[in-house]
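There are 4 protein chains.
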Amino acid sequence: MIIIMEKTATAENIQGVINILKEHGFRAILHEGAVHTVIDALGDKTTLSPDRLEAMEGVSQVKLIRQPYRMASRDRKPEDTVIEFENGVKVGGNNRPVFMVGPCSVEDDYEGLLNVAIAAKEMGCQFLRGGAFKPRTSPYDFDGLGEKALQYLAKAKEETGLLVVTELMDATDLDLVCKYADLIQIGARNMQNFRLLKAVGKCNKPIILKRGPAATIQEFLLAAEHIMYNGNERVILCERGVKGFDSSFTRNVLDISAIPVIKKYSHLPIIVDPSHGTGQRYLIEPMAKAGLVAGADGVMVEVHNNPAKALSDGKQSLSIPQFKEVFSKLNSLIDILHLENSNSPVNVE
Amino acid sequence: MIIIMEKTATAENIQGVINILKEHGFRAILHEGAVHTVIDALGDKTTLSPDRLEAMEGVSQVKLIRQPYRMASRDRKPEDTVIEFENGVKVGGNNRPVFMVGPCSVEDDYEGLLNVAIAAKEMGCQFLRGGAFKPRTSPYDFDGLGEKALQYLAKAKEETGLLVVTELMDATDLDLVCKYADLIQIGARNMQNFRLLKAVGKCNKPIILKRGPAATIQEFLLAAEHIMYNGNERVILCERGVKGFDSSFTRNVLDISAIPVIKKYSHLPIIVDPSHGTGQRYLIEPMAKAGLVAGADGVMVEVHNNPAKALSDGKQSLSIPQFKEVFSKLNSLIDILHLENSNSPVNVE
Amino acid sequence: MIIIMEKTATAENIQGVINILKEHGFRAILHEGAVHTVIDALGDKTTLSPDRLEAMEGVSQVKLIRQPYRMASRDRKPEDTVIEFENGVKVGGNNRPVFMVGPCSVEDDYEGLLNVAIAAKEMGCQFLRGGAFKPRTSPYDFDGLGEKALQYLAKAKEETGLLVVTELMDATDLDLVCKYADLIQIGARNMQNFRLLKAVGKCNKPIILKRGPAATIQEFLLAAEHIMYNGNERVILCERGVKGFDSSFTRNVLDISAIPVIKKYSHLPIIVDPSHGTGQRYLIEPMAKAGLVAGADGVMVEVHNNPAKALSDGKQSLSIPQFKEVFSKLNSLIDILHLENSNSPVNVE
Amino acid sequence: MIIIMEKTATAENIQGVINILKEHGFRAILHEGAVHTVIDALGDKTTLSPDRLEAMEGVSQVKLIRQPYRMASRDRKPEDTVIEFENGVKVGGNNRPVFMVGPCSVEDDYEGLLNVAIAAKEMGCQFLRGGAFKPRTSPYDFDGLGEKALQYLAKAKEETGLLVVTELMDATDLDLVCKYADLIQIGARNMQNFRLLKAVGKCNKPIILKRGPAATIQEFLLAAEHIMYNGNERVILCERGVKGFDSSFTRNVLDISAIPVIKKYSHLPIIVDPSHGTGQRYLIEPMAKAGLVAGADGVMVEVHNNPAKALSDGKQSLSIPQFKEVFSKLNSLIDILHLENSNSPVNVE
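Which chain is which? The protein sequence lines are A, B, C and D, in order. Heads up, the first sequence is in our numbering, so the first residue is 169 and it goes up one at a time. Heads up, the second sequence is in our numbering, so the first residue is 169 and it goes up one at a time. Heads up, the third sequence is in our numbering, so the first residue is 169 and it goes up one at a time. Heads up, the fourth sequence is in our numbering, so the first residue is 169 and it goes up one at a time.
Same shape as in the complex, but just chain A (with noise of 0.2 Å):
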């Protein structure tokens, strides 16, 4: 850490700050300037924080050097984290993208679900994703079928050998939702849900978390080390957007970007969500393509057996023929680009 003293910081301030750090096994050293005093603080972050400091008299600033993440960081352990599920489908490193499709709730028509399951492993998809308990914005919309989602998902995987993915939303529905899911998804509004990150982090089951709409990508890092942390490493990331100051257009900014920058910052293999990190149909291609090629190692994306009737999210859904045609340009770019072998940490530094 630095510590940057206030420019009116009298000795005693200065001596308080140094007090403190040598207190928790800090070395510190002191640069006086013509301004500010400046002091470096060599040690172990994680014996003071960084607050206490700041909240010190006289002190201005505490900058910190390195990321306050660990398990998540690459920096840590620098080879590529692949998770790899009962049926030998591989998510990160090297290994070839995977699909993430289905409805975003599964509603009570097994036969559409089917339908979506079908198509999706004949495009060679390896998840199925569908909600059972849903997050709603407003009270008086539907909020899932629960168990019963989970069953038809279930049957649905016997039928197809698709993976289920679903969302958790609450720690009490933890080891129902461990019966059914192979992949478990922690939704964008509840990456900061700490005891709910806690509890998955201590099942078995991989987990899915997405990126809240206002996370920073170092908070983000941080919930998958709370997740980490708690005892279970296997955790694959999802971009799905950010709030911006344009909503005319799309519902959020899809942060392409963040996929590079997380490549490079951890070993956590990350997928992309075009579906809601745009909330509009048209632009499932060109973002699904624009995050493959930006190293993405998988794409979940919205299907719906018949958008113009699903109870929530059918502008974003694709229709099966729709999909059909997405993703077959999707496997073509993959197959040309040989993305299986390239989607390893950016070297240009």
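Treat the hints loosely; a few may be bogus.
One copy or two, either will do: identical chains are not told apart, so a pair holds if it fits within one copy or between any two.
[As the list claims (entries may be wrong)] In silico BS3-like links for lysine-lysine, alpha-carbon gap of 27 Å or less:
| # | residue 1 | residue 2 |
| --- | --- | --- |
| 1 | 245 | 175 |
| 2 | 432 | 492 |
| 3 | 190 | 477 |
| 4 | 323 | 432 |
Since the hints were derived computationally from the structure, they do not count as laboratory data. None of the values given here were measured: they were computed from a predicted structure.
Take the given structure of chain A and dock chains B, C and D to it, following the hints.
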């Protein structure tokens, strides 16, 4: 609702929309413009989600005329909601703005907490705030003392008569927190933790709901609506800053205008939190004043017995002498301006 | 336009709106809802500004159905605009994406500039970019060589045949810049310098207009409209990133989705600038690729003979060897994907 | 400056940085940490841009200790700047906050303007504002009467004694505007039109500089620095709202906290503009009050003789009776709070 069709919409597309509207009991009025066809839909939106219409072929946009929240809306209840506590303290309406003060988190130093509580009582505060369960961005930070903190708060209440406000992070702690708290806080990062909102919607304590860092005013009021819809209409809102593009000087942008906006569109009380809103001690006084003259029903501020030793948020906490100085100014402002009579909805239309 | 009246609007208020609409040749259709009265106004918006209606008593909101830009709109001109240069280079439509490269600012080192130009030519670039007049946030920073820089660019053009693109900061330099430039750049910070837009609207060189850091897509297209309205329809747009809430890793958020959105709503060509968009050298390759697959008609990148000695933007500039490596990959991507045939508007509605 | 090297930086990289620092007269102090090497550079930043260091190989980040603005900084000039006008009106320091009111644009109705001016005089305002040259997002909107408007303003000044403030959009109009205006406004969209800043830096009239909608506080102060650096130290700042993610209720987010922040870091006066800051008439009163109690040296508000007929910004303009009602409340607030003595920099550190 007003449904604007694409320029390229076919007669069949238009008929499709009209059919679904009729199915759901809407009256549909068609306007064929030079470029676009527009359909006015008169009826009850709860029976048909605009999302569903937006997903139909040929539909360009669906515009809502009424706000989607109801119980929180001033349209439905024109008079201010006033929330009364067991000791007669009232929040909202024409009542004198209330003060909620205390440390960010309750630490293992009861004397320190009691010192703050005694000073708070002396300055005319009504509530003692303090975290027992703390959401922390990093898993390496102090996350609260748990029940012991609640016991400390209860003891300080006994000695000073202050009401206790503390954060609930997970529904499983609800009974425990209800046992000790007079007012239950839902933190900013849990503003859209819908399970938690549902849980507190079923309890019999008043709730203080903090605005999420990227929540629009509509999302904020819909979060309150979740609580109210589940049965608990005693909700106090709290503006505590939103994410901005400049975090060099302040942690967040404290959105003062949200106070008079919410006063116009909702009957719920709203208070201001300049500690989290700015993250800077020197901004507490001016921003608390700004919130009060803009119509806030109260102020929440972090005060610590020894900010330089605080385990969290020291930088934005006032020491006891600073607190006394700032709050005697706030009390004067309230007295001089007779704010107890003026925080009614603004009249100039 | 659709005019939504306040719940409390009087019959007189409503009549006032109808009168003004009729005065301006609009047809007004009245719908009295359960809560609000809504007026459909059919007519020519240029004769009556929505602002004026919004200011009337009893009016709650005015919603527009058509976009306010016209000349820039694809509604008015469905086919892509292609801009052709004297040497036959074409930008837009189904043409191969173009490359514009060069140093942020032209420095007093002609050899350095020439080295970049020669490398650019070798890699198939069409344009040499370089600033003669530089907008600088701080008055203490290098702000360009002025005419000398323009002469250097012209000399490099003579030697390599590359077209010259350079920024115009003030209308008084227009003749000077026109003398040397093939394509005139309006920088992001001048996107709403309407006098400058008007001036270049009257000149006979094509314009490249960069998106302002806080400009909505509508504001961006309206800035283009200013140029077109003044007589110059040869406008190339450039997405270069918008302000976001997280500037720890990237200077801006490069809004890749703006590319397909603008392709849908406008016929103008649009290119992507990953140097300014991210401010990070290692992000140029993935973000240029992302822009290209999302439909960009070209890429603008900063290349410097010796980035470590650049007087501006060195951090985000490629050295010549890095440039060759990155651009041979971009060329491959374009070749493999046959992007010259695929950047037409996306079809999935 | 503090230069933080990449974890992978070589001894050669480090030596490269040290060499360039020494070349520019800096003293370099090296700290080899467990992970990163850090170099403290003590010297004069104007001789070596941090950008240049950031572009060097092996450099991870360059952190500045001092703010990059100087003439605008309170470090350099601790006492408040007070700007005095020909008629003795003073802005800044302990002087009573000033009022600047008038229509958004001066229209071809001198009587209307005079009515506003007379009312303004009556309410104790010091400045009459009105646009002669208007920046308009769309080329189809009214963009000002030009010199005729300036003549109307001068005539109204003659009759009422009010000082005239009007916007300059282009340096070519500088002499014309100087002839009529007492205070020259640089609009938000021109905040980084550096040529314009340079031009007004060379004129002898005071300048009011509005904050750009996406400008950080540092960029804002650096824009003021451009004017001051060119010779004109008489700069008044104006907070008028920044772009936010929620524009349903307010046009911008009026950043009240920017007022006390700027008071702390700069000696320049700052006023608040709640009309543009919110875009809503009913928010003018609470937000003007909020600005005043937070330390603003004045308030700028749009007032129109007949807002419903205003050619621009009617929605956010007060009518004359509304203006009188609101400003008598603002006058009372100033009187009661003795704000003329209290807008000094806030003391709690």
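Cross-check of the supplied hints:
{"no.": "1", "hint": "245 to 175", "verdict": "between (40 Å within a copy, 14 Å between copies)"}
{"no.": "2", "hint": "432 to 492", "verdict": "between (33 Å within a copy, 22 Å between copies)"}
{"no.": "3", "hint": "190 to 477", "verdict": "between (65 Å within a copy, 15 Å between copies)"}
{"no.": "4", "hint": "323 to 432", "verdict": "neither (39 Å within a copy, 40 Å between copies)"}
Going down the numbered hints, you'll see the structure goes against just number 4.
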